[in-house]
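Participant: So the chains spell out like this:
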Amino acid sequence: MKYETISITQSVGSLTITFNRLEKQNSINAIFLTELNEVLDQAEQDATCRLVILEGQQGVFCTGMDFTEIARQESEKDREATESFSPSHYMETLKRLTLIPKIIISKVDGRVVAGGVGLVAASDIVMATPRSQFSLSEALWGLLPCSVIPYLIRRVGYQPAYQMTLTTLPISAQEAYRIHLVDELTETLDDSIRRLKPRLLRLEESTIGQMKQYFRKMWLITDAIEEQAISEFSELLSQPKVRDNIRNFVEYGQFPWESQKQ
Amino acid sequence: MKYETISITQSVGSLTITFNRLEKQNSINAIFLTELNEVLDQAEQDATCRLVILEGQQGVFCTGMDFTEIARQESEKDREATESFSPSHYMETLKRLTLIPKIIISKVDGRVVAGGVGLVAASDIVMATPRSQFSLSEALWGLLPCSVIPYLIRRVGYQPAYQMTLTTLPISAQEAYRIHLVDELTETLDDSIRRLKPRLLRLEESTIGQMKQYFRKMWLITDAIEEQAISEFSELLSQPKVRDNIRNFVEYGQFPWESQKQ
Amino acid sequence: MKYETISITQSVGSLTITFNRLEKQNSINAIFLTELNEVLDQAEQDATCRLVILEGQQGVFCTGMDFTEIARQESEKDREATESFSPSHYMETLKRLTLIPKIIISKVDGRVVAGGVGLVAASDIVMATPRSQFSLSEALWGLLPCSVIPYLIRRVGYQPAYQMTLTTLPISAQEAYRIHLVDELTETLDDSIRRLKPRLLRLEESTIGQMKQYFRKMWLITDAIEEQAISEFSELLSQPKVRDNIRNFVEYGQFPWESQKQ
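Residue numbers (the numbering used here), protein chains in the order written: chain Z, 21 to 282; chain E, 21 to 282; chain Y, 21 to 282.
To be clear, the hints were calculated from the coordinates, so they are not data collected in a lab.
Please note that a few of the clues may not be correct.
It does not matter which identical chain is used: a pair holds within one copy or between any two.
When the alpha-carbon atoms are kept at most 30 Å apart in a straight line, the in silico BS3-like pairs for lysine-lysine are as follows [to be verified]:
#1 LYS44 x LYS237
#2 LYS261 x LYS22
#3 LYS237 x LYS22
#4 LYS115 x LYS44
#5 LYS115 x LYS232
#6 LYS232 x LYS217
#7 LYS115 x LYS237
#8 LYS237 x LYS217
#9 LYS22 x LYS217
#10 LYS232 x LYS261
Since the model is a prediction, treat every value here as computed from it, not as a measurement.
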C-alpha cells in the first residue's frame, strides 16, 4: 500500500510510521489523519504487532495543523468538506492512540509544534533526542490547543501544560523530560527502543487494551470533555480575526503581532 | 489613588502591585483584599494592560491571614463584620486571579506563608529568587489551608501539596521549582520579566481570558469545591481551641505546642 | 500480642510495624491484612500515638499479593473463603491508611513490588534508601495493579503511574524520588524520622484526621472508583489464563512468556 503523507516499515512485533510531508513541515492535513488511521487499522488486524512507532524526518517530528489548508477554506461549507482538516477527526485520532491495544511510541528527533504535541502527549511512551523541542504556538494566532490540552495535562500535570500554552515558547528536550512529556532522553533512539522492546513484547495484546481502558477510567478525560474540546476549537477557528491571522501569514508571511503594529 | 496596604506602579502593558504592610509581615487583612480587588478592577478597565505583577518587600512576599485581626474578633458577629478578614473574600480573590483576562505574575523574593502561598499558587507565572521559601503552617494552629489546597494541588500535584500541609515545614525555592510551585528560579527577577514580557504582549486580551476559562473547565476545581473550601475553613476558624491558639499567640507570643506542655 | 506476619515496636508517639514474612518475600496474604488492620485498630485506640511506621526487613519491603496462596485457590468457592487474599480487603486497607488520623510513614530499604507499591503510594510520607527499587509487574501475568493505580496516580501523577504499569520495569529510588513516589531519599532512615518527628508531634490527632478527610474531597478518588478497582481486579484474577500463569509459576517456576514460546 502506498501513502501520500506517511511511509511504513514493518519488523517483528512492530510497525513504524514515518511522517512524510517534509515540504509542509510534517504538518497535519486531512489526508494525513486518514492515512494515519488506515495504518492503525492495519496494526489492529495484525495480532503479532504490539508496538506502533511514530517518527518524523530531518529534524521535524510534526508541526500541527496545516495552515495553508485552513487558509484555503473560504466558507463554512469549505470547512465542513471531508477533505479539509477536521478538529473532530484530530481529536478522535488522539483518543484512538490512547485506547488502541497497541503500544504507541513517539520517537522524537527535532521540532514538535501545536497539534504535533498532541500526538506526543497521547503516546504511551515518548523517547526524544536532546536536540528536540516542543511548543504550543496556538495562542499567538488567537487560537488555543483545545484538543491537546486534556491529554497534555494528563501527561505533564496542569501547570506545565498551562505554561506552554500561555508563554507559547518552545521548551527543550531536557525540560520536556523534567515535566514527563518525554519519558526517556537519549542520543540513540533505536538502541533505546531495541532495549525496551523484548520487555514490552511479553505483554498480551488483551492486557495492553485492558490497561488503556482502565487508565482512562482513572482520569478526568471523558467523551464530554473531548466534545467540548472539538466545539471550542471549531468556534475559535471560525472567528474572522483568527482566519485573517492565518491567511495573512500564509499569503504574505505576516505574523499577527506585526499587523497589529501597523 | 492612594492605598493603605499596597502601592502601585504602572508601565507599558503592565501594572505592579507591591504589598505594603511590612509592619504586619505583609499579612492579609480585609483592607488588603479590598484594595487588591480595586486594583484588579483598574487593570480590567485598561485594555492596554496585559500583565499584573504581584511583589512583596524586604524579604517578605506575603505571610497569609492577619492573626491580630482574627484575635480581635471575639464574637460570631465580629467575624461576620465586613471589615474583618473573610474566608470567602480570600477564596473569591484567588478565583479571580485565575480567571481575569490578564497575566498574573508573582515575583517572589523572600518568605511566603499560608494564604500567601495561595496567591502564588493562583498566579499564572511564578518567578522566585533562590532565597525565597514557602510554607503552609496552618495545621500547627489546628487549621487547614482549605482555600489554598485546590489551587496548590492544581499547580504542584497532590502529593507535594499534601506534604507541605502535613509537615508544615518551609520548602526552599529550589524545591518549589522542582515541584512547579515556581516556574522560573532567577537571581534577577526584573531581567526575567523583561525577557518574557514582549512574548506575552503578543497575546490578545480575549485570548488570555478564553485560555483561563478553558483551563478551568479542564480541571477539578468547581464552584462547589470553592464553596466547600470556604465553609470548611470558616468552621475550623470558629472552633474555640483554634481561637485560643491564635489569641495566645497574638497576646502572649505563645505557640500551641508550648501551651500543651503545661 | 503475638503476630504471625508482622512484629510491633512502640516508642513515644509512634508505633512501628515490621513486615515479618521473609520466607515469602514479605508478600501479602489474608493473615497479613488482618494483622495489619489489628495494629491500626490498636494505634487508633492510643491517643498519644501520632505516627505509624511501616518497614520491611533485609532488603525486602513488600512484594505484593502472595502467589502461592492464589495458586492454591482451585475454585470460585476457595476464592471467596475468608482465609484467602481478598482484593476488597486490600483496597480497604489502602483506603484506611489514607484516612486514619495517624501519620503513616513508609520506611523503605529494598524491594517494593506490585501491591507493596500500593502500601507505599497510600502512605502519608515515604522515606527510602538509595538501594530501594519499585516495580509493578502485574501486566506480565495478565493482571493489572487495579487497586494501586488510583493511589499511585494521586501520588506521582498519571504518566509516571502509567509508565510503571506498562513497562513493568523496576524504577530506582532516585527515579522514585523524582516522580514523588519517595518524599525523602536518605541513607539514614532512622535519623530522618528522628529529625521530622518532633515537628509532626505538634499536630493534634483531630487535625491529622481532618486533613486526610479534606484532601480526599479535593481529589478524584471516590468510593465508586475503589469499588471499580476491586471488581476489575477480581475479574482479571478469575480468568483461566491468569490462573494458569500463576499456577505454572508457583508449581514449575515457569514465567508466562516462557510457556508462550513452547
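Participant: Compare the structure with each hint and give your call.
Facilitator: Hint by hint, here is what the structure shows:
1. LYS44 x LYS237: neither (37 Å within a copy, 33 Å between copies)
2. LYS261 x LYS22: neither (39 Å within a copy, 39 Å between copies)
3. LYS237 x LYS22: neither (37 Å within a copy, 42 Å between copies)
4. LYS115 x LYS44: within (25 Å within a copy, 42 Å between copies)
5. LYS115 x LYS232: both (11 Å within a copy, 24 Å between copies)
6. LYS232 x LYS217: within (18 Å within a copy, 41 Å between copies)
7. LYS115 x LYS237: Both. Shortest intra-copy (13 Å) and inter-copy (19 Å) distances satisfy the 30 Å Cα cut-off.
8. LYS237 x LYS217: Intra 27 Å, inter 38 Å, cutoff 30 Å: intra-copy only.
9. LYS22 x LYS217: Result: close within a single copy only, 27 Å intra versus 48 Å inter.
10. LYS232 x LYS261: between (39 Å within a copy, 20 Å between copies)
The structure fails to meet hints 1, 2 and 3 from the earlier list, while all remaining hints are met.
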